[in-house]
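Colleague: The chain contents come next:
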Amino acid sequence: MDIDKLKVQLCKLVTDSLDRHSYSASIFYCDKLLQLSTPNPSKEYSDNIYLYCDCLFRDKQYQRTSFLLQKYIEQPNSIVYKKHIYLAGRAKLELQNWENVLKILGDDDQQMLQYYNIVDNQQQQQQNDTNQSINISSMISLLRAKAFEGLDNLKKAKYWYIKSLKQDYKNHESFESLVNNHILNYTEELELISLLNFSAQDKWLEELYSTLLKKKDNKKRFINIDCGDQSINQSLINIILKDDKYYNNKTCLMVNLSSMYELGMKNELHYQCHQLIDSQIQPAIAWYGIACYYHLIQNIDMTQKAFTKSTTYDSKLGASWLGFGHYFANKGEHDQAMSAYRTASRLLTGLHLPLLCIGMELIGIHNFNLAEQYLQQALDICPYDPLIYNELGVIAYKAHDFKQAIQFFLKALDIANFNQQQSSNNNSNSNSNILFKSNNTSSSIIKSQFPTLFNAAYEPTLFNLAHCYRKCRQFNEALKYYQIAHTLSPGNSSIYSALGFTHHLQGNFDEAIDYYHQSLSIRDDNFTNTLLNKALSLSLLKFE
Amino acid sequence: MISRKATRIELNIEDIEEYEQLKREQTQEYNQMLRMNAQTTPKEGMNIEKKLPLVNTSNPSNTNTKSPSTAQRIGFD
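Chains as they are written, first to last, in my numbering: chain L, 25 to 568; chain C, 9 to 85.
The set of hints was computed from the structure by calculation and includes no laboratory data.
This one's a predicted model, so the numbers in the text were calculated from it and none came from an experiment.
Please note: incorrect hints may appear among the correct ones.
DMTMM-like, lysine to aspartate or glutamate: derived pairs with alpha carbons at most 25 Å apart [stated by the list, open to error]: (1) L/Lys504 with C/Asp23; (2) L/Lys495 with C/Glu26; (3) L/Lys558 with C/Glu18; (4) L/Lys422 with C/Glu33; (5) C/Lys31 with L/Asp549; (6) L/Lys187 with L/Glu231; (7) L/Lys427 with C/Asp23; (8) L/Lys435 with C/Glu18; (9) L/Lys422 with C/Glu18; (10) C/Lys31 with L/Glu535; (11) L/Lys504 with L/Glu396; (12) L/Lys36 with C/Glu22; (13) C/Lys58 with L/Glu535; (14) L/Lys427 with C/Glu25; (15) L/Lys422 with C/Asp23.
If you only want the chain C side, here are some residues facing chain L, beta carbon under 8 Å, derived [claimed, not checked]: (16) Thr15; (17) Arg16; (18) Leu19; (19) Asn20; (20) Asp23; (21) Ile24; (22) Met41; (23) Pro61.
For each residue, glycine too, the CB sits at the ideal point set by N, CA and C.
Just chain L, same shape as in the assembly (with noise of 0.2 Å):
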């Protein structure tokens, strides 16, 4: 029998059966194919060590994988490629072994050139770049950085990312790590889209990089992912979802369990949880959103429970840490909160958010100057977030500083009104009756007089800036804030008290005193009660 033409039909065979998925006849075949393979060191031996390799890897046999090459390459007379090292580190991250992936690949490259006999393959890499295929040391830079996130180096993960990226800007998996982990704030994202050099031919795919970039100039993103109006990320999901129902892309399910959450959908928000759990796709992020739905109705103990199991999962799933800092603040557990941010804060480097809440839970606690700081540090990574504006508005406030405070809330609204701006006229479809729920004389008159669109979200915003606005005795400007806040939140007692509160002050105690009693119908307070007794005595005896 002629074993050259058996080779050929049984490395014909391996590669029919691995297209064909069937992984265990390609284990057999390539076996066979390795044992009559010259023995080492030969390059045909090499070659079908790796194949048989790949074959087992394929099959999910990764402590195999790894063993079986890891014996190769440390051979000294072995034939080896970086391929090789490559796929014996790839085994070993699969099996999340951390520390045995750099034991393999060596802290850098000059280390693995000095540990194994590395044929020096450039003809190869010629090959490659023509053939467009991703550059085998990005790929390895790659695998460090996941070792380094594993083992919690996060500086050092995002050090071989980037270098990963440097060595071959189309290791998409790099990128992807760098952005939806939020390891890099926008500006470095800016400064590595700048260095990546792209070929004229690859400059579809700067593009494309750059879409998926945050904040800033980028602010169609900013608007609908990061603090938008949910209710167009709800729509733009179902569209996909639509067409793709298991769509299990991370970023688009943590955006569709958010929206939801924040639209206050409960029923599709259980129904998806339920989904995501049946799949088994993404178990942390299917126990986010169950946390999310416990969190929306209002169920403490699970909501609890739900974000420990989710980040359980995924220790390293910031928005679960984000949402645990938020379920504690509600419950008024500060410490733990701050905890929980700080975790948040360390795993999404690139990220104001937990910045942001640190700050808000220190205004909680009223330590303003520490506030401020954080406050300060999440304005240089984005600032274009309304809610920090809020924020140190709300410091200045309580520092008397209301002309100061009034600019920030100011600020604020300016973003939001323009970002809701943007919002509808991406979506035409959405109009200001959305924001404009109220149907009543008064609303409808403060929507003609006021035709820019704020969302309810920013209700607090306006309610803040109106107590300034009072505290500097500009009364008529305050209640004209003060009426945009009741539209946006029109059941809200504390509306009618300061609306009350203002007109007393201005000696309108008809109108003083008609709004403490609506107030005073919705929540019974002791402030409301205290100025009703008082603007009903001034207004019937003259005398307080």
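Take the given structure of chain L and dock chain C to it, following the hints.
Modeller: Here is chain C on its own, set in the frame of chain L:
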């Protein structure tokens, strides 16, 4: 990521001080006006009520209808 609601400054009992302060200022202004123009016509008085609405323009405790206290009745006050 789920968002956290913006910090909302709530009115509290300390804000009544703002009202008291305004009332004090208006009372001071009212007293000053009274001193400068001792004989105020009723019409002008009406304007003062509109201009300085938080001022106590009547004092029920000074009216004659008020019954004397026990101490006053037994001649102890």
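Colleague: So, for every hint listed, does it hold in this structure?
Modeller: Against the structure, the hints:
For the hint pairing L/Lys504 with C/Asp23, the CA-to-CA distance comes to about 20 Å; that is within 25 Å, so the pair holds. With a C-alpha separation of about 8 Å, the suggested pairing of L/Lys495 with C/Glu26 holds against the 25 Å cut-off. Pair hint L/Lys558 plus C/Glu18 holds up; C-alpha atoms about 20 Å apart against a cutoff of 25 Å. Restraint check for L/Lys422 and C/Glu33: the C-alpha separation of about 23 Å stays at or below 25 Å, so the hint holds.
Between C/Lys31 and L/Asp549 the alpha-carbon distance is near 22 Å, which keeps this suggested pair within the 25 Å criterion. As the CA atoms of L/Lys187 and L/Glu231 are separated by approximately 20 Å, the hinted pair is consistent with the 25 Å bound. Restraint check for L/Lys427 and C/Asp23: the C-alpha separation of about 18 Å stays at or below 25 Å, so the hint holds. Pair hint L/Lys435 plus C/Glu18 holds up; C-alpha atoms about 21 Å apart against a cutoff of 25 Å.
For a cut-off of 25 Å, the pair hint linking L/Lys422 to C/Glu18 stands: about 12 Å separates their Cα positions. For a cut-off of 25 Å, the pair hint linking C/Lys31 to L/Glu535 stands: about 18 Å separates their Cα positions. With a C-alpha separation of about 29 Å, the suggested pairing of L/Lys504 with L/Glu396 is violated against the 25 Å cut-off. Of the supplied pair hints, the one linking L/Lys36 and C/Glu22 is violated, its CA atoms being roughly 85 Å apart against a limit of 25 Å.
A threshold of 25 Å between alpha carbons decides the hint, and for C/Lys58 with L/Glu535 the separation of about 15 Å falls inside it, so the pair holds. At most 25 Å may separate the alpha-carbon atoms for a hinted pair to count; L/Lys427 and C/Glu25 meet this at roughly 20 Å. For the proposed pair L/Lys422 and C/Asp23, the alpha carbon gap of about 12 Å is at most 25 Å, so the pair holds. Contact between C/Thr15 and chain L, as hinted, is supported at the beta carbon level, the nearest pair being about 5 Å apart and thus within 8 Å.
Residue-level restraint check for C/Arg16 holds (minimum Cβ-Cβ distance to chain L is 4 Å; threshold 8 Å). A cut of 8 Å between beta carbons decides the hint on C/Leu19: the least distance to chain L is about 6 Å, and the hint holds. Here the hint on C/Asn20 is kept, as its CB sits about 6 Å from the closest CB of chain L, short of 8 Å. Residue-level restraint check for C/Asp23 holds (minimum Cβ-Cβ distance to chain L is 7 Å; threshold 8 Å).
At its closest, the beta carbon of C/Ile24 sits 6 Å from a beta carbon of chain L; the interface hint therefore holds under the 8 Å criterion. Nearest Cβ of chain L to the Cβ of C/Met41: about 16 Å, over the 8 Å cut. The hint is violated. Hint status for C/Pro61 relative to chain L: holds, with the closest Cβ pair at about 2 Å, below 8 Å.
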